[in-house]
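Protein chains: 2
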Amino acid sequence: MALFEVSLALSYLVFTWITLTGASAAQTMKVPGAGEQAAEQSHRQDSADLLVFIALLTLTILTIWLFKHRRFRFIHETGLAMIYGLFMGVILRYGLTQTPTAPRVLYNCSLVNGSESLLVNVSGRYFEYKLQGEVENLHDPGRSEALQKVTFDPEVFFNILLPPIIFYAGYSLKRRHFFRNLGSILAYAFLGTTVSCFVTGSVFYGFVCLARAVGALKEIFHFTDCLFFGAIISATDPVTVLAIFNELRVDVDLYALLFGESVLNDAIAITLASSISAYSPSMQNTFDTAAVFICIGRFLVVLSGSFAIGAATGIMTAVVTKFTRLHEFPLLETALFFLLSWSTFLLAEACALTGIVAVLFCGITQAHYTYNNLSAESKERTKQLFELLNFLAENFIFSYMGLALFTFQKHIFNPIIIIGALLAILLGRACNIYPLSFFLNLRRRNKIGFNFQHMMMFAGLRGAVAFALAIRDTETEAQQAIFTTTLLLVFFTVWVMGGGTTPMLSWLHIRVGVDPDQDPLGHSDTFQPLQSDGISRTKNESAWLFRMWYIFDHNYLKPLLTHAGPPLTSTLPRCCEPLARCLTSPQAYENQEQLQDDDSMLVLGDADVILTTPESAANGSSSRIMTGNGQPPISDEGLEMDGGAGHDAELVGRGTRLVLHASDGEQLT
Amino acid sequence: MALFEVSLALSYLVFTWITLTGASAAQTMKVPGAGEQAAEQSHRQDSADLLVFIALLTLTILTIWLFKHRRFRFIHETGLAMIYGLFMGVILRYGLTQTPTAPRVLYNCSLVNGSESLLVNVSGRYFEYKLQGEVENLHDPGRSEALQKVTFDPEVFFNILLPPIIFYAGYSLKRRHFFRNLGSILAYAFLGTTVSCFVTGSVFYGFVCLARAVGALKEIFHFTDCLFFGAIISATDPVTVLAIFNELRVDVDLYALLFGESVLNDAIAITLASSISAYSPSMQNTFDTAAVFICIGRFLVVLSGSFAIGAATGIMTAVVTKFTRLHEFPLLETALFFLLSWSTFLLAEACALTGIVAVLFCGITQAHYTYNNLSAESKERTKQLFELLNFLAENFIFSYMGLALFTFQKHIFNPIIIIGALLAILLGRACNIYPLSFFLNLRRRNKIGFNFQHMMMFAGLRGAVAFALAIRDTETEAQQAIFTTTLLLVFFTVWVMGGGTTPMLSWLHIRVGVDPDQDPLGHSDTFQPLQSDGISRTKNESAWLFRMWYIFDHNYLKPLLTHAGPPLTSTLPRCCEPLARCLTSPQAYENQEQLQDDDSMLVLGDADVILTTPESAANGSSSRIMTGNGQPPISDEGLEMDGGAGHDAELVGRGTRLVLHASDGEQLT
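Read top to bottom, the protein sequences are chains A and B.
If you want my numbering, it's the 1-based position in the first sequence plus 1186.
If you want my numbering, it's the 1-based position in the second sequence plus 1186.
Since the list can't tell identical chains apart, any single copy or any two copies may satisfy a pair.
Once the Cα atoms are required to be at most 27 Å apart in a straight line, the calculated BS3-like pairs of lysine-lysine come out as: (1) Lys1596 <-> Lys1404; (2) Lys1254 <-> Lys1508; (3) Lys1569 <-> Lys1254; (4) Lys1633 <-> Lys1360; (5) Lys1360 <-> Lys1508; (6) Lys1254 <-> Lys1360.
Simulated from the structure, these hints should not be mistaken for lab results.
Isolated chain A (complex conformation) (with noise of 0.2 Å):
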């Protein structure tokens, strides 16, 4: 059966394969319509070039589906992608032979350097001309020509892959756990992802001097340069490593780790790397205080800019979907859910911020908020949208890695520098990773664990973040050296690290096997008495802040935006209560009944006494749980978005209250 499905697999790149050459063979024949020829043969180039890589999704899918269905784990659904990408490129490459396209009009001329358009005057009618970019090979230009179409604009990725992989991570975040680590996930994202930014860049420089002075390098290398690549390699990529840890059901608190840094640091490398190139290139080797604090102004602005913009659209989302009743006809909604997300992209971009940061917090919001408020059938219909979403831009990305490393015409390979970019980043990532667990592990009940570090540090892979920022700009020599680079870089690491995952597990003893969704409270469905292990576990250590924002968002941002919460006129003061009845919906005061006899809770506050009794635990039911003064306490439920059916199951509205009256510091389960 395995020879028939990979037959299967092959006849399809074989059918494809043949139409295309026919596709090939049909330009050369008679093309009618002679004025529009041209027009309609690079029409159907462009068809034929998306046609590849339709071609390699589809044979992705496939094998994706075969490894699935056997279970094979040693290279995951990325590095296969990349594979394919790999071949196709080999072959586009020496296998191509490209009829030479309408002749070229050549000019000599000293003026235009770097002009965006020409105007041309042909006997009083102008002709606008844009600049396509520098034309490398003038001798061969059909080949060249043929891969630069295959080599597509980098915008694209930016501006269509990107945005809805990373919403997606923020819509499918498992806030329970994100937000239980809050603190560590923050200190890895920010002040790790800068440590190692500036250790890659300063070592990275390091090597550049280096082969600089053994004669290996010519190209003119800057400090920022480094830095830069410093920036763009920090980004790590969140999807190969958490696929394996989904499947295998890594312990929860890891996957929060290190889902929540990766997901977070690809926003700091970008902001990063921005204010880095935007940090005056003519002021470079000459330290100036001022563009260090313009750059690091900067970086706050875009940062605190885009996170506003997406907060903002996700709760403008959550308001009109909470008082206008779209919720009777889910494909507007899913419409509306859609098009307000990608707008925050477009805002983002739109006010020179950060669209890929914009897009993250609003992912964030949305599942917060605006889930609450969505029809079932819209729930299901926007996971599954973004879920699709992501699935195909994620391996259309890798396969284009691939694709990208025999089709890109300006490759720079430097053994010295390369070999350098691999420790410096490893190092990098140590820099990262060990110090700040030291410190974190100093405030942390739960501690980071020497295996969960040594994790950490192995499952650093790069991705599609660092190739696209890469790809952004490949016009000087040193920029074309980071691009090679940090395409072979992403090799490395999706294929050995990424390959490695599933050994490295088992080699430092982190259990797998472990239900995300039942296990924190101690009442999976094989039943797991507390221990005090499990009670260190579950620590908060930004319990504070935390308290308090969950509090707010509790009495106040819930109520207003969702129909979820409890009533905002038992949480504001009398003084506010027309307001609050008007903001309130109906849901909520239905909730609030409801909740007050039901028995399905789920408890994270801080609670006085846990009785935990067996027997509902056992029979796979959520048990009650009491704190010390007979009320049901808080859950986290509310702040968790997978499990659907449990969203309205809101807590009660006196349960925050009680919090503020629990003494701190005890055990969180």
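Could you slot chain B onto chain A? The hints should help.
Below, chain B without anything else, positioned relative to chain A:
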């Protein structure tokens, strides 16, 4: 509440507007990274342009919801989208002050004329410049450029926006009603559209000659231009009217006729238009027999080639989904389905065929075969995905049409031509519907009444396809006049005729509130006894051909390509037994057993005697109906996509053989 909702919608628009203004203000501020400045600015401008459309779509969605909520029917969502587009067009045209962009270098030269690209040699480095088009307004480059940006590439319509619309039309086709009226639909689509094209073209040419005679026209209109106009304007739009029909549940046969015709005539119109524009333009006004035959030959080749590609990809997807266990992973399955369906379009375009036609037949094939093999989740996913894409693409096109009236810069308004075109399309439509209906009624038992004919005449709205064909090429003045005329005709038909659909239906006494799934079998929820009228209404006019195809499909194709249908072992001759056993899926045997004692049977086949038990009909379940010799007759449930669960309830294998024994021409129910 309504006030609140509208204010919400408006506040979103204002918000977007402010941000856009802020964005353009930010653009005038100092942008760091001087080298990338121009690229960054153009990137931000692109984002802002796209935002305009997203804001428009969002506003449209909110208003659509409001209208649906309040059950307004005097204007349809597409009409609304156009109105918003118009407003935005006015603002962009008269309200936008654009800072002029980077200065362009002006060259005087006599060599370059229509050359696609220029090579410029600047001291040894070669830069390539690509033709952007002719510049009209040299002295106000800022505004014209900004408008040009919003007026984007017509290729986008063809490659990105139309395919999902057409695919969805094929995928969601109610095949039972479609196949029952196949003969008439094909007649209207093939003959009718061709007749309409030539009548409209000729009448239009008459008006053009008239306009030139009275001196109201300066442009050169060839007869081929007029025929081209006839072709593009013959593509009626399935969107607007059918959305209303669907909502009001209009008579299923009228629905099937109109839907089938408007979907297929898009394909015919596109093929006609490309054949006409390929008709060697050097010999116009002289009749060239060879060129006409080449044109007809081309038409047939393109149509059949596109059909073949569409069907082939559909069948391939069916085979892949049948013989792999991909349905264990709905995400992979959906992704594969999406990619293969999209690749149909590209494949056809790469082969110089018509992607739209291919994608339409691909949609029909996917719904007929592949859909049966998908997992339950993928069935939902694919339907919802394409529904969303269709919705977004449709509204985008209609709001873009509104925008184009003001932002397109080469409009040629000529009152005589516009009024002439309106009369021409009415006459062309009349020559399509009335004579054809007369001839069809000669052979149909279930006559197409005059009220249906009037409704079909009235429902000939023009929409996305006509617009996309017209905008594709606007180089000559005749083409520009045709574009303007088409745009205005779309406005007129969508607003006036689309808005008048509901009154027209009641004026023509066409029954509404029909349940499309239950009605023809006479056992809908509200019990209707079978009447002679009901029986003649469901007469399948192309009985013999249809039945032959149906038997072949049911006995061989369905079992080969899907899990449904009778096992091949029972339909193929004995000698093929090993092959049949290999190709039959295990589910087919199960289906067979399950169906032999299954009570829920739907009926379409030829049956000698029909027994309807009023009890079973009244309680809503489908009734058991027996043929003369006591065997359950053929159901056409297998041809039906909607109703999901009913799919696997395929009929008994031996039932099909019965048809051959059943007397031909008996009643069909």
